[in-house]
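Visitor: Whenever a hint applies, use it, and build me the whole structure from the sequences.
Protein chains: 2
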Amino acid sequence: MADRPNHMDPEEFRQAGYQAVDWVADYMARLGDLPVMADVEPGHIRGKLPAEPPTRGEDFADVLADLDRVILPGLTHWQAPGMYGYFPANTSGPAALGELISASLGAHGAMWTTGPSVTELEQHMLDWLVTALGLPEAFRGNGVITDGASSSTLCAILAARAKAGGNEKLDQMVAYTSDQAHYSIAKGLRVAGIADSRIRPIATTPDYAMRADHLAYEIVKDRNDGLIPFFVGTTVGTTSTTAIDPIPELAWVASNFDAWIHVDAAFAGTAALCPEMRFLNAGLEDVDSYLFNPHKWMLTNLDCSVFYVADRADLLNAMAVEAEYLSEGTAATSTTDSEHETVDYRDWTVALGRRFRALKLWFVIRHYGTEGLRAHVRRHIAWASDLANWVEADDRFELVAPQVLSLVCFRHTDGDEAGRRIMDTVNRSGRAFMSHTTLDGRFILRVAIGSPQTERHHIEELWNLIQSAA
Amino acid sequence: MADRPNHMDPEEFRQAGYQAVDWVADYMARLGDLPVMADVEPGHIRGKLPAEPPTRGEDFADVLADLDRVILPGLTHWQAPGMYGYFPANTSGPAALGELISASLGAHGAMWTTGPSVTELEQHMLDWLVTALGLPEAFRGNGVITDGASSSTLCAILAARAKAGGNEKLDQMVAYTSDQAHYSIAKGLRVAGIADSRIRPIATTPDYAMRADHLAYEIVKDRNDGLIPFFVGTTVGTTSTTAIDPIPELAWVASNFDAWIHVDAAFAGTAALCPEMRFLNAGLEDVDSYLFNPHKWMLTNLDCSVFYVADRADLLNAMAVEAEYLSEGTAATSTTDSEHETVDYRDWTVALGRRFRALKLWFVIRHYGTEGLRAHVRRHIAWASDLANWVEADDRFELVAPQVLSLVCFRHTDGDEAGRRIMDTVNRSGRAFMSHTTLDGRFILRVAIGSPQTERHHIEELWNLIQSAA
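Residue numbers (my numbering), protein chains in the order written: chain A, 1 to 470; chain B, 1 to 470.
In case anyone wonders, no lab produced these hints; they're calculated from the structure. Hints may contain errors.
When the alpha-carbon atoms are kept at most 30 Å apart in a straight line, the in silico DSS-like pairs for lysine-lysine are as follows [stated by the list, open to error]: (1) Lys221(A) - Lys48(B); (2) Lys169(A) - Lys163(B); (3) Lys163(A) - Lys163(B); (4) Lys163(A) - Lys169(B); (5) Lys169(B) - Lys169(A).
Covered stretches of chain A (chain B as the covering partner; in silico rule of three or more C-beta atoms under 8 Å from a C-beta of chain B) [said to hold, decoys possible]: (6) 78 to 92; (7) 104 to 110.
All C-beta atoms in this analysis are idealised placements derived from N, C-alpha and C, irrespective of residue type, glycine included.
Guide: Structural data, given as structure tokens:
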């Protein structure tokens with residue numbers, strides 16, 4: 001029996017680390033040749049794994065070998081050049097190396113004192129993003145990183161709930177969102193204790209954007225019934241079609257009734273890096289909270305969602321719980337002076353344990369520079385525009401929603417069955433992977449361009465695949 | 001202006017990756033010489049960073065150089081051999097390399113179809129842990145990874161709420177926990193919409209364990225008042241003193257009133273790797289849910305909390321929300337057969353975006369083997385026992401709680417001020433970092449042994465520091 005754990009010492013780590021880096025570099029190099037979609041039966045991966053954990057340690061090289069043998073065949077390759085499913089979940093070299101170093105430091109960002117650099121780099125990166133994206137100045141100093149849009153949206157809902165009177169008034173609170181909103185809004189509301197019967201779906205325009213007049217009508221009705229309209233969940237860039245809700249009008253309605261207005265720009269937000277796309281930010285100066293996910297389109301690997309509030313007071317009221325054992329290890333490090341206020345991020349979100357995510361964001365922004373990040377986004381939008389033109393020029397297909405960002409939504413004029421067959425054929429080719437959505441009861445093909453390795457010729461190849469399948 | 005993003009190609013990544021690995025190996029080698037606690041004023045780190053993000057990309061070597069120049073001085077080194085604050089947050093070489101590869105794959109575990117290996121390895125690792133820790137067989141197949149105890153506990157509360165009738169009955173629900181429970185239980189209840197006035201603090205024994213008779217009394221009182229006792233939040237290894245609630249008795253009480261009973265073993269759970277510590281698992285066969293955090297003591301870096309339910313039905317009822325655009329890309333891969341049921345983990349937790357955390361757990365368990373992990377835990381418990389003996393033999397100090405795991409809680413007999421002075425002196429030495437708690441209104445010193453680089457001579461050095469300061 002081992003009486004000492006076989007910790008990797010620095011030199012063992014160096015050798016294992018080189019092996020891991022080599023594995024990743026080789027994976028990056030062959031990514032374009034792997035079938036994009038996993039083609040395995042349920043249970044296939046587990047069937048290759050021993051039922052019991054090993055009692056004695058194994059060689060790192062053997063573990064790496066099993067990555068190829070066991071794991072890769074069962075992966076859908078999200079970074080492949082032919083990945084067009086869902087929304088992208090970009091990673092990049094600097095992001096992955098930031099994650100490596102963050103994991104190696106094992107630093108903790110619950111409070112300023114548990115690792116001042118963790119907190120201050122996070123604050124700084126979120127302020128950099130205010131500049132880079134042209135976000136409202138009110139967001140400066142009021143941002144925090146979470147693990148995803150679901151968490152960011154939940155934070156918004158909890159802050160809104162606190163502002164509207166807290167849990168004692170929960171049974172009077174009503175929330176509003178469109179049927180095109182991400183399901184994380186409905187899920188967050190349910191988590192926060194809002195009964196499904198008090199979530200109002202708001203009608204959308206033919207372009208799938210929320211209607212401000214319908215919102216006003218529903219809120220007035222609820223107010224007349226003695227209820228508290230407390231939360232309006234809006235979207236810039238919906239999941240199905242990247243529809244853009246009219247934030248200025250919705251914010252005007254919400255503010256007139258003192259309801260919290262939250263904007264989910266999980267995917268689309270990154271595009272505001274480009275000045276010509278800043279129309280995406282219209283109305284943000286009038287909203288209470290905003291999120292976007294650098295882990296979607298900004299080359300910062302999952303997980304990294306950023307969340308801003310215009311005023312942090314309600315968020316802190318919603319989250320802060322006191323506990324003595326979390327007090328500072330020494331009084332001197334907890335000094336707050338008027339010039340440099342410290343924040344304890346555990347009081348900004350649901351999570352207490354917070355790893356050092358700002359590090360990878362710092363690595364990414366410095367490696368690419370804002371112009372490099374803009375170039376990344378612009379290529380995808382341009383190619384989506386090309387694809388949309390090709391679809392429009394082909395009588396067999398019709399665009400079903402405006403192409404504004406890097407998503408193209410279309411259908412085969414022969415109907416749903418033809419669309420399903422095309423998607424299935426394309427996905428089974430191994431060269432590309434696309435997903436679908438349903439709009440007005442119809443089956444819609446979705447092509448979301450966004451992988452770092454995608455080049456224009458890949459889009460041409462995809463279009464050829466689609467045409468052959470049609 | 002850049003018209004192409006400067007993506008790291010595989011060879012650039014290889015070179016940058018070697019540099020990052022070298023940086024980490026060197027950091028590991030000098031960790032024992034760095035001051036454990038950050039000694040900076042608020043704003044110090046931000047003051048070294050440019051106010052604006054760079055427009056053009058920078059060299060990776062420059063970014064790494066700034067790690068040393070800007071970030072390190074403001075870090076409290078959680079992996080340092082002299083780190084005894086809070087609870088440990090272990091990282092290890094194999095964990096960090098697992099994180100690197102996970103970040104590089106950029107795979108997604110929301111559903112089985114988004115990456116079958118992500119889901120199946122997660123299921124498999126959680127079953128391995130059932131074996132390794134001797135957990136109840138009912139947990140097999142019913143585990144999921146979350147980002148932390150706060151999230152795991154929230155999942156438990158939401159499942160309990162669903163079982164007790166959902167949000168429509170929220171205003172009748174009452175929850176129970178001890179004043180020694182982690183604040184994430186109170187926070188989770190608040191998040192879930194439970195008013196503070198319906199959270200009952202349950203009295204504890206002189207050893208700070210929850211009293212089952214008091215729980216029974218409070219539940220009966222609430223039942224008689226027409227309320228719904230829906231959730232009992234218990235702890236195995238409390239944060240202040242690692243007190244162990246009497247789970248068998250508490251579970252008996254809870255089950256008699258159909259209340260959900262949840263066990264938070266965030267820190268202590270890892271110790272059940274050792275057969276001689278399996279008393280920690282007493283009563284788990286009668287509970288509804290259980291969590292422990294491999295990211296605390298099991299060499300798997302933050303974040304990695306594991307959460308088990310005895311029956312997944314209520315959890316799925318609480319979490320599942322339908323959305324068409326999340327349907328499978330192709331019908332064939334979503335087949336569920338009776339032998340190999342697939343699970344979609346997005347329906348098990350609040351988060352939708354789920355990175356491939358099981359990979360690092362697989363790397364860790366295979367690198368160390370269960371015997372290596374046991375050896376890691378046993379050394380810390382043995383040294384804590386040594387330290388507790390030294391404290392007891394010194395008239396100036398008194399132990400204030402039983403030392404059962406790797407935490408030693410004690411105070412100076414001269415009073416709180418003497419204790420504060422000792423902590424401050426030790427922490428300012430740069431050689432060690434300890435934290436404190438408050439018990440019965442008194443200031444208590446906490447030494448939590450658990451860093452991978454800690455050796456017995458470091459504990460001796462710490463004791464010398466404490467004695468000199470006394």
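Visitor: If a hint holds in the structure, say so; if it does not, say that too.
Guide: Okay, the hints, checked on the actual structure:
no. : hint                  : verdict
1   : Lys221(A) - Lys48(B)  : 53 Å, violated
2   : Lys169(A) - Lys163(B) : 23 Å, holds
3   : Lys163(A) - Lys163(B) : 29 Å, holds
4   : Lys163(A) - Lys169(B) : 23 Å, holds
5   : Lys169(B) - Lys169(A) : 14 Å, holds
6   : 78 to 92              : holds (count 8)
7   : 104 to 110            : holds (count 5)
This entry does not satisfy hint 1, going by the numbered hints stated previously; all others are met.
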